[in-house]
Every structure is written in structure tokens, then in C-alpha cells.
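Enquirer: The primary structure of each chain is shown beneath.
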Amino acid sequence: MTLRLTTCILALALLCSLAIQPKQRVVAQTAEPVLVVISAALGATDISLAKLRQVFEGTVTELNGKRLIPFNLMVGTSARAVIDKVLFGLTQERIPYYWIDRKVREGIDAPRVLPSREMALRVAASLKGAIAYVDADPSIVPATLRVLSVDGIRPTAPDYPLRSVPARE
Amino acid sequence: MRACIYCSAWLLMLTAPSVEAQDAAPDSPPTAAEVALAAPMGESEISPDMSLSMSPDELAALGIDASAPAVDPALRFNGFADFGFGTFIGPKNSYWRASGAVPGHSSFFVGNLNLYAYKQLTETLRTMIEIRFTYLPNGSGAFGFEPPQSTEAFDYTDYGRVTRWGSIIMQRAYAEWAPHALFTIRGGQFLTPYGVWNVDHGSPVFIPVRRPWSIGVGWIPEKQTGLELFGRAVLSASSTLGYHLTVSNGSGPISEYSDLDENKALGGRVFWELRNRGIGWARLGASGYYGRDTNSLYQVKLNPNNSFSSGETIHSQFDSLTFAADFTWDIGGLHVQTEWIVNQRAYTEKGRAVRQTLANRPVIPSDILSWGGYAIIGYRFSWLGIMPFVQGERAIGDLEYQKLKLWEFQIGVNIRPVNMFVLKAAFEHVRFQGDTQVDPNNSIMTQAAWAF
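Protein chains in written order, with this note's numbering: chain A, 9 to 177; chain B, 9 to 460.
One chain only, chain A, in its complex shape (with noise of 0.2 Å):
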């Protein structure tokens, strides 16, 4: 009886786990460059990778002397899928984790979150010190705007670091 009884639960346990497929995530890919843009005022011409890690990371929140407050896209977005690769080198399926792993950890929250690429510019423009970054031409990057080159590297060139990732990894 107890045999019966365990073999129905397992049983109805994978049927349930066969019925609950989990909707795939999809990340859009993009031919376009990750721009890391502030605001013009703030002076700022180049970050390295490394500064931009920690900037997004938490750890460090200033550039050339001038503070720094770091803005996320939503995850599922391009931008946002070739930003967690690069600098923390982990899929938008991980993300998720390693960000409440450091709030249980650190009690360190991530960076808030704007729901486009437009507000992403927008906020950059109009808060001092936002830095944000969006999938675009350059060429159409207002002029009140900074596109930052990384470790020297302008967004056109060809090795420049923050270009897009395969779709699903």
C-alpha cells in the first residue's frame, strides 16, 4: 500500500514538473553597439571596464571625482544581456540570483531599473551624475549626452568591448 502510494506521488510529481514548462526567455539580439552614456556636463570622455564593473556593481561610485549613480535596463532587453556577459559574465537567467545573493550577503540592492531606452536617456540627461547605457547608433545620441568610450575604445571600432552576446547561452 505504501509502495502504491509512493509510486502515484512521484508519479503525479513528474507529470506536474512535465506540465510546468517554463517560458523561455527571450533575449533579442542586436547588431548595435552598448552605449554607456552621462550627461555632457559631467566632462567624462572614457571609463575603463573594470571602473564600469564596480560602478554597476556597487563598489565604487564615482568617476573623475564626480559621483555616480548607476541605472539598469530591464532584464530580457539586449543592452541588458550584453552588460551582465561583460561585466559580471553571467546570462540573464543568473542575474536574478547573484543580485539577491549579494542582498542577503551585503544587503546591497542592484541598480534601479528603467523600463526603456528611451527613459534611459532621459534620466541620464536630467538627473546629475546617471549613468546608463542603451543599444543605439551613436549618431543618433542627443548632444546633451556623453557616449563614453571604454578603455579607449569608441563604440564604432571593432573590438569594442560591449557588443552583443549570442541569443541564449
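If you're looking for bench data, these hints aren't it; they were derived computationally from the structure. All values derive from a computational prediction rather than experimental measurement. Watch out, some of these pointers could steer you wrong.
Unchecked claim - In silico DSS-like links for lysine-lysine, alpha-carbon gap of 25 Å or less:
hint : chain 1 : residue 1 : chain 2 : residue 2
1    : A       : K136      : A       : K74
2    : B       : K100      : B       : K413
3    : A       : K136      : A       : K59
4    : B       : K100      : A       : K136
5    : A       : K74       : B       : K127
6    : B       : K358      : B       : K413
What the hints assert, rightly or not - With beta-carbon atoms standing in for the labels, derived distance ranges:
hint : chain 1 : residue 1 : chain 2 : residue 2 : range
7    : B       : Q307      : A       : R113      : 41 to 47 Å
8    : B       : F151      : A       : I116      : 33 to 39 Å
9    : B       : K100      : A       : G84       : 38 to 44 Å
10   : B       : R169      : A       : I116      : 53 to 59 Å
11   : A       : I116      : B       : Y306      : 40 to 46 Å
12   : A       : G84       : B       : V118      : 32 to 38 Å
13   : A       : D145      : B       : I419      : 32 to 38 Å
14   : A       : E70       : B       : V118      : 26 to 32 Å
15   : A       : R171      : B       : I177      : 46 to 52 Å
16   : B       : G71       : A       : R171      : 30 to 36 Å
17   : B       : G149      : A       : G84       : 50 to 56 Å
18   : B       : E230      : A       : G160      : 44 to 50 Å
19   : A       : R113      : B       : A82       : 57 to 63 Å
Glycine is no exception: its CB is placed at the ideal position from the N, C-alpha and C atoms.
Please build the complex by placing chain B on the supplied structure of chain A, with the hints as guidance.
Expert: Below, chain B without anything else, positioned relative to chain A:
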């Protein structure tokens, strides 16, 4: 068999509702106002001459105050909790049923309920406290050799009916000043920065249900009260070097607020982190700790000339020297984690007093070298965040003045269907050899842990 059924049903019940939440944004999701603000425009509308300026009201709709300092000065709360079910598999008269290490009967239990509060006081000054709420000391006893405590009280708001009070444990309370990434100084009570497990700290972050024996035994104190200096230097885009230095009261019966000797404990840690697309993320660390643990009492003496003085009685005193090494590696879904610790305990002449073992035998404690370590290997699948894992541990050391050798093996699964919620189930086999013979400890532990 009954335990297996309970575990399966319980895991099934907790797993089922998880998928709907999978799409929840993992970090500070945009509010409805944010989405509304963002909705009308797409990439095609980004142009060099577009108007970017946002009014203070628009920024406020995003929860951003343009006039506020660069840091968020709000008092923030979060924390974690866990709930589990455990059962011991063994003879009805097994030592373990009375030990308190595993439940004597199959039991559901609320494990941790920890609340964090933190606040950025200025751009470089931050404070954090962590409180654990617990049902203890109700029901606790020393390895089953002493009767459990009762905290029954009579509730004056309810006709004096019986209620049982619990208590709180202060886990962390500190302020820190961080003028530079290379230099942060922290003062108060903090978690000792060593290894992997002690830093992970919270049940949603641990992979198995329980701490390895060699970590839980406290060869390096879990937390200390004193000062911690730490920082990190970025060596290259993929490599970071970090350090921690601590000076504290060390360990002792009241080390949270009083050092019972003049010997301050010193500790340190260095680590090297490597992160790139080829090797994933890896961290190699080494830690050390040296301190004196004293249990003593000052008592007032009345001298023959009617003056008062005091004298100190030392009940126990030993020097503890510990070195530890750890390695963590994540690549794709693979997770490898190991840490090893060696501890030397040397009693002072006055501190080598007669003590009682667990079996109530009087012993004179001897100096002892203990060591231990564990390794965990797991693989996290994308589907439901399922991670099967195995853990092995070997430890040889002192347990309540008896030398003990331990082998531990654990096999289990850690499921993270959403980022803030974890389900765990594991079978654990622990085999002991020592002066006192105890039977193997076989148990099934399950846990649901969540961050909030």
C-alpha cells in the same frame, strides 16, 4: 518511507506555484508609472534633436528625487527566512534523537527569520544591522544531556493562558566608512570575513540545508565585535584582489560586549577573483585568525584591613590559531565550492581546568590540532533553476573535549524557481569515529528559504 512521501508531497506543493513568478523582474522592477512614462516612445523616436529633459515630477514618478544627494538616504529593510521538514533515519534509541542536532521525530520547523535594516548616512558612511528572531531558548538543551529550557509564561492579555516567549539574536550591527574602494573601515559586530559559507550567511544563498560541521564548529568565530578594514583593487578588467583585516574581542562567552582578557584577536583574509568569458567566475581565498578565548570572572574581595579589592578566576583559557583556504568556481551552470580549515588550540596553564565531556566524564583538556573541509559540486539547470548537488566533508577535531573524526556525505537538490525563493532537499549520512562511539547519522532535510 513515510518521510519520503512527506518530502515529495511537500516539495511538490511548494514547487507548483513557482513558474508564474519567473517573469517577475529581479531587481527593482519598474512601477506602473514608469511603464506609462516609457510606453509611448521606442527606438525609432530616439534622435539627436529629441528633448530629453525631465521635470522633477517626471523624475519623482520614477522614484528619483533630483534634489536628493547621490546616495539613497532611505532606511531600507529586507531579510530572509526559511521553513523546513526534517526526519532522522535510525534506531529509536539512537543518540542522535536526543542530541538536538536532528529532530528526534519527523518535524516541520521554522529555522531562520532574519531582518536587515540599513541606511546610507552620507555618501561614504553606511550602517547596517541584522536581527535574527528565534523561538530559542525554549526547548534548548545541551546535546540532550540537560533538560530543555522552558520559556512558558502566562499571558496577562489572555486570561493568563500559557504562552511561550522567544528571543532575538543580534547577528550584525555596524557602521562603515568607505572613502575609497581600497579602504573601508567597519566598526561594530560583523561576520568574520573568511571562506565561502560564513560570508554567504543566509539560507537562500547556501546550497545545502545545513552548515558543514567544520564550519559550524567555530574554529574561526562566526562573528566578531571590533574593527574590520577591507578593500579591493582592480588589477585588470578580469582580475580583482581584495583584503580584510580584523581586530576584535575574538571569541568568548560575552565577546559581543566584553573581552575577558587583554589579548585582542587578529584576523585577515586575501582573495583573488577572476572573471572572464572563458573561465567564468572564480575566487581563491586564504584566511587566518589568532585570538585568546577566555572565560573568567572578577569577584570582589574583602581584605583583612576592611578594604575592597578584586580577584579573577579563570575557568577556561586557550589560544586559537586558525588558517583557512577556499575556492569557488562558477562556469555556466557548474558550481564548485570547497574550503579547508586547520585550527590549533593551546590551553594556558591557568585555563586548563577540569571540564565535563558530553558523557559527563571529567577531563583535563589537552592541546589539539583540528582540521576539516568540505567540497560541493552542483550543476544549475536553467529549467526551474534546478541544481542537483553532492557534498563531501572530512573533519578531525575536538568536540566538547573529545576527539572526533567525521565523514559526511550529502546528496540533494537545490531548486530556485524564482530568484527570491529556494527549495532544498537532501539526504545526509554522517559517520563518526572517536573516543565515544555513536551510530551514523542518516537524515533527510528539506527546506524552503526565501529572501524578502
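Enquirer: Against each hint, give a clear statement of whether it holds in the structure.
Expert: Evaluated hints:
For the hint pairing K136/A with K74/A, the CA-to-CA distance comes to about 9 Å; that is within 25 Å, so the pair holds. For the given pair, K100/B sits about 24 Å from K413/B by alpha-carbon distance, which is consistent with the 25 Å threshold. Pair hint K136/A plus K59/A holds up; C-alpha atoms about 19 Å apart against a cutoff of 25 Å. Note on K100/B and K136/A: the hinted pairing is violated, with a Cα-Cα distance of about 68 Å set against a maximum of 25 Å.
Annotation: proposed proximity of K74/A to K127/B holds, straight-line Cα distance about 22 Å (limit 25 Å). A hinted pair counts as satisfied when its Cα atoms are at most 25 Å apart, and K358/B with K413/B does not qualify at roughly 28 Å. The hint said 41 to 47 Å for the Cβ distance between Q307/B and R113/A, and at roughly 43 Å that hint holds. Judged by the Cβ atoms, the range 33 to 39 Å given for F151/B and I116/A holds: they are separated by roughly 38 Å.
As the Cβ distance of K100/B to G84/A is approximately 54 Å, the hint placing it in 38 to 44 Å is violated. Checked against the hint of 53 to 59 Å, the pair R169/B and I116/A fails, with Cβ atoms roughly 44 Å apart. A hinted range of 40 to 46 Å for the beta carbons of I116/A and Y306/B is consistent with their spacing of about 42 Å. Checking the proposed 32 to 38 Å range against G84/A and V118/B shows it holds: the Cβ atoms sit about 35 Å from each other.
About 52 Å separates the C-beta atoms of D145/A and I419/B, a value inconsistent with the hinted range of 32 to 38 Å. A hinted range of 26 to 32 Å for the beta carbons of E70/A and V118/B is inconsistent with their spacing of about 43 Å. The hint said 46 to 52 Å for the Cβ distance between R171/A and I177/B, and at roughly 49 Å that hint holds. Hint check: G71/B to R171/A, Cβ distance near 31 Å, so the stated range 30 to 36 Å holds.
For G149/B and G84/A, the hinted distance range of 50 to 56 Å is satisfied, since their beta carbons lie about 51 Å from each other. At about 45 Å, the CB distance of E230/B to G160/A agrees with the hint of 44 to 50 Å. The hinted range of 57 to 63 Å is not satisfied by R113/A and A82/B, whose Cβ atoms lie roughly 20 Å apart.
Consistency note: the structure conflicts with the earlier hints numbered 4, 6, 9, 10, 13, 14 and 19.
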